[in-house]
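Engineer: Chain by chain, the residues:
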Amino acid sequence: MLKKYFSIFFIVTIFLFGLSIAAYGKTTITFMDWGDIFQIQTDQKLVDTFNKSQNDVFVVLQTTSWGAYFQTLQNRIAANNAPDVFVMDGAYFDNFAKEGVFYDLTNLVKTDFDLSKYYFEPSVCEYNGNFYGVPRDITIGGIMYYNKDLFDKAGIKYPDWDWTWQTWLEAAKKLTNQNENKWGMYIPTYGEGGLYQIIWGAGGHILNSDRTKFTLTSTNTLNGLQFMYDVRYKYNVNPSESYMQGLSDPFMTGNFGTVLGLSSSIVGYKNLPFRWGIAPIPKGPYGRYMSVNQLAFVVSSRSKNIDADWKFIKFLTGPEGQKIIAEAGEAIPALKEEIPIYFNNFSNASGLLEILNKSNEDPSILRTIPFTLSWYEWENMLESTLEYAWTNTMSPEKAASIAQQSCQKILDRALK
Amino acid sequence: MRKNKSLSVIVFIVLLLGSIPMILPFIWMVSTSLKSLSSTMIFPPEFFPKSPRWQNYTELFSLVPIKDWFLNSIFLSVVNSVGIIISSLIVAFGFVVLNFKFKDVLFIILLSTMMIPFEAIMIPQYILFNFFGWVNTLYPLWVPSFFGSAYMIFFARQFFKTISKNYVDAAKIDGANYWQIFYKIFIPLSYPVIVTIGLLTFINTWNYFLGPLIYLNTPSKMTIVSGLSFLSGQAFGYWNYIMAGSTLTILPIIVLFLITQKWIISGIALQGELK
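Chains as they are written, first to last, in my numbering: chain A, 1 to 416; chain B, 1 to 275.
Since the hints were derived computationally from the structure, they do not count as laboratory data.
Because the structure is a prediction, the values reported are computed rather than measured.
No residue lacks a Cβ here, since even glycine has one placed at the ideal position from N, Cα and C.
Treat the hints with care, as some may be off.
As the list claims (entries may be wrong) - Cut-off 30 angstroms, straight-line C-alpha distance, at most; resulting in silico cross-link-like pairs (DSS-like, lysine-lysine): (1) B:K161 to B:K103; (2) A:K311 to B:K221; (3) B:K50 to A:K153; (4) B:K101 to B:K172; (5) A:K283 to A:K182; (6) A:K4 to B:K67; (7) A:K52 to A:K234; (8) A:K3 to B:K172; (9) A:K3 to B:K101; (10) B:K172 to A:K270; (11) B:K184 to A:K52; (12) B:K184 to A:K4; (13) B:K161 to A:K3; (14) A:K283 to A:K234; (15) B:K184 to B:K101; (16) A:K148 to B:K165; (17) A:K283 to A:K148; (18) A:K173 to A:K157; (19) A:K182 to B:K50.
As the list claims (entries may be wrong) - Short derived list, chain B residues pointing at chain A, Cβ under 8 angstroms: (20) M41; (21) F43; (22) A120; (23) M122; (24) V135; (25) L138; (26) S229; (27) S232; (28) F236.
For reference, chain B alone in the conformation it holds in the complex (with noise of 0.2 angstroms):
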């Protein structure tokens, strides 16, 4: 018994000093949201700012249009997390349990396209949606999610694998068609994958920046992590309000990630088992 009971203190105290490193950029961020900005500069710089500048918040609020773009951050984080999962368990369930012609061409035609850098398909991606009449709209932020995610396929295509045929020919037998053993049989069975695409995609959305910076012409359409960009300029920043605005970006994954610890464990477990 003692034995055991050094040993977790031991592992508490590595714990400890290995959290150390990890949370201190965020008490950094924290701190540095509440200083004026001359004293963000200073040197040697101070952790605990002598007389913590709240206002910094209260002022971010009226420089910058913050409540929309939380609103634009939320919704495209909901949406893109509902079209991926929909889209990315549809097509997977096409490549599991339906046979088609060209089936296995179509799915290294998928892989390939995670092979591809976004830099190489950016500008032809901006003058399809400049001829939609796209730009400066949230549409190809979200609409691209309904088409599915490479990755996700993937993921939702190895975890319908170890569902047994058995369940699909007997339900081919009492007679069900393809819609119904999907989501009758098949989406019972996938909550952890729902789970962890939903979650990855959400955070993912959350921290895309490069989209709406490209896309995206009026400040006040941006999201949070993209509009934040602009407390910067070419000279330097306002970095006591980046970091405020910063501190509440990460608010809502915090909570989220409080809220979702145990799906969020079990999913990355998930992900290495199916490799």
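The shape of chain A in the complex, shown without the other chains (with noise of 0.2 angstroms):
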């Protein structure tokens, strides 16, 4: 009895995995990517754009929701499933190229591909002076969105290219009223959101050039830190981390006047109920920084089609995939001469097209994330032990101290 079952259950198996192999057979590759409902069926016209423009390669699209994206990816990488083609965070990067999971894009790269036509990110694109990745798109960070309707009610000019922190200060003092639950201004506490271009105005760095050592306590960053403090707790034009508890977007409420943050968060304020516009981050004592942050393209070192992947990737890459790409308005594209059909689709956000153009003129107001590996280790330790100092708990000098020393544990033990 028992026997019956399970040679009944043997062959069952063996005829789904038969079926499995007999899909294969063309050259069929496999593309993932990560995001919501709106990003999918971006990536689905991508794919089906690339389909039906030739007949060599067909490729298949397999999608995850943000939040289980690495997961199912390290899960197919163990399983040797891996997708020929898929993207990548430059918080993974260094992790994953040192595992050798991507495929080596150098020849390629160097042969077949124009990088001076991209915005170019070397930390999520490049590791040990070999290329990985190709550029997808740009996330700029630090950038300034303000709201129209509150500073027309104060009777404030728009910010522009002559603000400093001191002009940013005066105009937050009076957009702020705490009576009726306005606020001048919000600098988020994250990284990319805001931490890291307050310090870099200060003249300070998270690391050392060479990304060895953390400069945490120097007196320049720690006069970025207390620039965030007082904000806080000194002009009061900027609300405790307590009251932003479950706001999970500030300049969505439409109770702050300034708001600094992502690239990425204009496609979500298309059809905000107030006017709004975006502005640079103000400049700071040693000048104005915004952060430039990427995703790309990469190859499985385990692909068998490299020549159907780098096809697909040249596609995508190119002013037709970026074009797409552009007017999806999911990202911003990585081929600079498609940035303005981004544009198109959003007047409000032309603030940031200025500013990606003055970039062009003077590439320093632009700079890239100190992505390491254990970035994600190391970024949360940051912001979880700074996190004391902006519930006022502990001073910025002795938050910037711990986080020194816990920083700096994981990466020297990330880099031994």
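Two chains, each in its own frame: build the complex with the hints.
Structural biologist: Written out as structure tokens, the structure is:
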């Protein structure tokens, strides 16, 4: 009896296994990306357009939601079922590259790719001098969203390229009215959203130039942290962190005059009930700096169809693919010539186009995120330790010195 | 008489006050599902939108494949309940009535599987299902249920132990084999257990979030609970649609609860007795 059931089960299993083998045959490659329902539609459009445009390669789209992406990816790599082409984030790039997950694209990039046409971030594409990724899109962090209705009501001129931290503070004081839940500014406490840019504007750095030692307790860095603290507890123009609990997106509430943030928020702000604009971060004592981050397309080192993968990547990073990405509005394309198309959808965001154009003349205003091995680990440590300062439990100096020690430990261990 | 009346009034008031914080999240969920996206973010938050946006529900249907998701959820929940009922009862019967070599060892192994966290077996399980070619299908989400669930086997075993051995002996004397003892004696006595196991499994499968997310690559194959995660992106979420989807998600469970209330309460009491 038992034997009969077991053999039926065995036969069914082999049959299903055989079915999956039968599906192989033509040059089919898999492409994996994360996204919400709209981003998936964009990816589907990219895949469908490519599939229709030629007959040699057929791409199958596989998607997960953002929260499940890296776990799913690790599962699949472990099971030797990695997707052929997939999207990579700076936070994990170094770690995956070190493990040999990516195919070395150096020769292909050197002979068949014009990097000068792109916004290109080495920290998401290069590792140990080799190319493992090519640019997909860019995200600018630390840009200032401002609420035009609130500015008009207070009779203040909109922010422009002359603003300094001083002008910013003065405007914020006029815009703050705690009785009405109105605030002049919000500077996010996570790295890419505001923390890094304020530290840079104060002349400080997170890491030294070869990214081996943290510099969180240098005078300039501490001045930047002090500014973040003062706007909350000295000038009272930025709410405390306990107030911010539960406010997932402060700008959308309509109660904030200025908010520093990421360019990826633009698509969510499209239908806000108030008028808004984008301005560059105001000049700090040592200049104005915003961050530039990137997603890259990578190829699995175990992929069996490198030629097909590269053909698809050329489409994704070429004018046609980048145009689809730009028109969808989910991300700013890395290919510079397609960038204006993105802004056709978002007239409110024209300030960002100005920032990008200015950065072509003066590249110093955009700085790369200091990605390293174990970036996620030390970044979480940094943010949660500095939280003590933002909740007024500790002085910024004390929090910074604790963060310096803990983060250095993590980095030392990763670099060993 | 008067004393009893005033006591029941006090109890009623206490229960009423206690139920308010419990029902608040549900009221918030429904009210958010009727707002436009920007009004979900305003602060201070408003409890009842001035103009309820019923289109959120119809728009949800065109935005995401909700019908597919519902069908997948119902399919998985029903099949898993059937699978776990069948397999758990059979295995529990084996442990209680039969005697075989290594019975105690096997039982200890069964219990120890309850202590292994899902994260520890997630990758090996994925490798196994990938070997079968079952990734991006629903198989990994229901086939394992036909191989038993440690907790349900344990629960059924505890119940079977309360059935007097005399029945088994009498049936053996009458010439019954073990299968007949199983479905002629044990199953008719086990209706409360069957309903409890079925309900618990149905609800657990309905709520199961991680499995579909790991094994399924195409949005249309998802279950409703995992599928709703596609409405929240990296930067922000479409909270009004997510809440509309969540409201629809709990409706079948509420209906199921109302129909089977009696069984659930006796089932929970049963679990308490058997411990």
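Engineer: Tell me, which hint numbers fail for this structure?
Structural biologist: When the structure is compared with the hints, numbers 6, 7, 10, 11, 16, 22 and 25 turn out to be violated.
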